[in-house]
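Q: Put together the whole structure using the sequences plus the hints.
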Amino acid sequence: MNASTADAAFVEFDRVQKSYDGETLVVKDLNLTIAKGEFLTMLGPSGSGKTTCLMMLAGFETATHGEIKLAGRPINQVPPHKRGIGMVFQNYALFPHMSVGENLAFPLEVRGMGKSEREAKVARALDMVQMGAFANRRPAQLSGGQQQRIALARALVFDPELVLMDEPLGALDKQLREHMQFEIKALHDRLGITVVYVTHDQGEALTMSDRIAVFNDGRIQQLAPPAELYERPRNSFVAQFIGENNKLPGIIEEFDDKKALVRLATGELIDATPVNIRAKGQQTLVSIRPERVEFKPEMMPPGIHRIGADVLEVVYMGDIFRTRMRVAGSEDFVMKCRNTIGQRKLTPGERIEIAWHAEDARALDPM
Amino acid sequence: MRGGLTTADGKPLKQALAHAQARAKRKALLLVVPLLAFILITFVMPIGQLLFRSIHNDGFSANMPQISAWFDETKAGDAPDEAAYAALVADIAAAAEARTIGVVGTRVNYELSGTRSLFTSAGRNAEDLQPPYREAMLDLNEKWGDPQLWGVMRSVSSAYSANFYLAALDLARDENGEIVRAPEDRRIYGMLFMRTLWLSALITGLCLILAYPVAHLLAVLPLAKSNLLMILVLLPFWTSLLVRTTSWMVMLQEQGVINNTLVALGLIGNESRIQMMYNQAGTIIAMTHILLPFMILPLYSVMRPINPSYVRAARSLGATSWTAFRRVYLPQTLPGIGAGALLVFILSVGYYITPALVGGASGQLISNLIAYHMQDSLNWSLAAALAALLLAGVLILYWLYDRLIGIDNLKLG
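Same order as they appear, the protein sequences are chains Z and P.
The working numbering numbers the first residue of the first sequence as 47 and each following residue consecutively.
The working numbering numbers the first residue of the second sequence as 755 and each following residue consecutively.
Simulated from the structure, these hints should not be mistaken for lab results.
Just so it is clear, the structure is predicted and the values come from calculations on it, not from any experiment.
Just so it is clear, CB atoms sit at the ideal spot from N, CA and C, and this is done for glycine as well.
It is possible that part of the hints are untrue.
Chain P is faced by these chain Z residues, among others (derived, beta-carbon under 7 Å) [said to hold, decoys possible]: (1) Pro-126; (2) Met-133; (3) Asn-137; (4) Phe-152; (5) Val-156; (6) Arg-157; (7) Gly-158; (8) Gly-160.
Covered by chain Z, according to a simulated footprint, are these stretches of chain P (three or more residues, beta-carbon under 8 Å) [unchecked claim]: (9) 1050 to 1064; (10) 1068 to 1076.
A: Right, here's the structure in full:
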């Protein structure tokens, strides 16, 4: 195998299956390649198999079937300490009986590195996360955010090419979490390491990742860059899971490659883009993002089907207005409009007409 | 300001705080008064009394006032004169009358064996003795002229004495009151103390080796399974200690289960059955089994909350499983090891019933000798001195533990 293909498939899951009890599969037929230097996020609800995948890659769980390769080499039989993979744990797992400096020196010590070299590396790693002054503290004396930085430094101090992160920001408050997202991303860009990141927070996934693998029910539902995932979800689960989403059930009236006409339960016709459509008369679930819904006639594309909506509630959220409406019998249809100068204010009880570009409405499987 | 903070109306803050809390404090005190009283009456007082006995025994001094007075007036080494013998005879006669001569003889006998009968027979004849008393007493028994006897009587003429501690340390006083080592054939306590400490340390070590993997298993298993196993660990607690020890007798004795099995398997001959009981082996095996739960429980309580991600982190950082255990897991279980070891060690240092039943002669511990002095020889003062030494030894170990590991690092459950 030459260098370029090894780089394109730095980490490779090949038909991997995992079962804990011999009765149910937690991971069903996983195929995934991760390129060198990529930031890949495994996103999914709890129990979707994403953490199990990470644990198999780290070596703490063995694959029931299939092969996992690292830099072209099968690693199923390689014990965790020989894989050379850095890992950041959800609870940080900083050794409580060692100082911060000793924690960082640990991976270097077990590699038999000399004292002076060790100290230089530890100092460099601490500076990298702006924690240079804390080497003599105990982990318990640090705040959550500081512990997080130390855990990150410890996973990076021995220069691994691959770093795994298991919901590393889950325990932090919102502001700190957002700050750390940018820091981790910056570190990734600067060091050129490959990161596999597990989270159930879709905002985190969208902010940081090069590609996101959405897990559900032991399978990857969609593997795509953030924008594609958000704008072109391939099935209802992904559409529901990523971002806020309006869903309208209906039946395919007619469709071709580009466009589909869907008849809703209440009889209205709407336009959509067919995604998982195979036949006329098929049940479908049309998914529309709240910020792509239009209510001003001058903004609507010509010739598009409009649909009536009763405004139920308008919530002022600062940057946007979040308007909840009754549309085709469903009372939780949401529209988001930017809070711009001259924005027309809607009031509850008002009857309006809404529409959208056909590309923004995706006719998916009925779930 | 130097005077410290004050409240809004100018009262010192500390005073105001004390006043505000006084009622709550009184209430709290009332709640603990019953327990305090209980501890005082059932724990502090009896133990204090017993410890007091180790330095105080008035068996001689209270019943022999005249000769005690003579000892007070003279100094050590003075040869007994006629006045001394007269006082002795008068005291013996009075003690015989009051039927306390046996107590006096016993007290002297503690220090110099074979002297009890000297006093009781003198008591029977004291009425008939005529002056000069020295000759009369020597006629009765030549031993009354023995300077060692007089030295002993001088030392017991005071109710307070450190002699029981000396005896407990295999020391004695010679006729001049100098502290010397006891005759070789009488040095048993030192050896027993050493054996007790050594066997306790060994049993603690064995318990640790056996308990550590069990506690770890209990800690990593899912709760439903570990609770079931925990019942097995606790099961012995629900069985009488005597029953458990006796069942070990059934197992270990020469015609017992283990020996029979070995013979039946042909591993040993019928004539060469292994002696596993009535010696140290019996004490070690039975006590290790009985004390095992006291090691498992503190270890378990420390291991349970240790997140498995610590060891995983160590492994991912490049440590072999042994290094991960030694550098990361073991240090985190130290509080449990300390607590368990201290608990087992202190319990086994004072253990009595198991060595008494299965220990034979070589498996006896210091407690068995304390019990002997409490129940058979009735030398309570010596028993108390031995117990006090044991207590002091344990306290020293506790102090050492505190200095080396720190008592706040202890986790009993």
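Q: Evaluate each hint against the coordinates.
A: So, going through the hints one by one against the coordinates:
1. Proximity of Pro-126 of chain Z to chain P holds as hinted, the smallest CB-CB distance being about 4 Å (cut-off 7 Å).
2. Below 7 Å, beta-carbon pairs count as interface contacts, and Met-133 of chain Z has one with chain P at about 4 Å; its hint therefore holds.
3. Among the interface hints, the one on Asn-137 of chain Z holds; its C-beta lies about 6 Å from the nearest C-beta in chain P, closer than the 7 Å criterion.
4. The restraint placing Phe-152 of chain Z at the interface with chain P holds, with a minimum CB-CB distance near 6 Å, inside the 7 Å limit.
5. The closest approach between the C-beta of Val-156 of chain Z and any C-beta of chain P is roughly 5 Å, which is under the 7 Å cut-off, so the hint is satisfied.
6. For Arg-157 of chain Z, the interface hint holds, the least distance from its beta-carbon to any beta-carbon of chain P being 6 Å, beneath 7 Å.
7. Among the interface hints, the one on Gly-158 of chain Z is violated; its C-beta lies about 10 Å from the nearest C-beta in chain P, farther than the 7 Å criterion.
8. Among the interface hints, the one on Gly-160 of chain Z is violated; its C-beta lies about 16 Å from the nearest C-beta in chain P, farther than the 7 Å criterion.
9. Counting residues of the region 1050 to 1064 of chain P whose CB lies closer than 8 Å to any CB of chain Z gives 3, which reaches the minimum of 3, so the coverage claim holds.
10. Given as covered by chain Z, the region 1068 to 1076 of chain P passes the check, having 8 residues with a CB less than 8 Å from a CB of that chain where 3 are the minimum.
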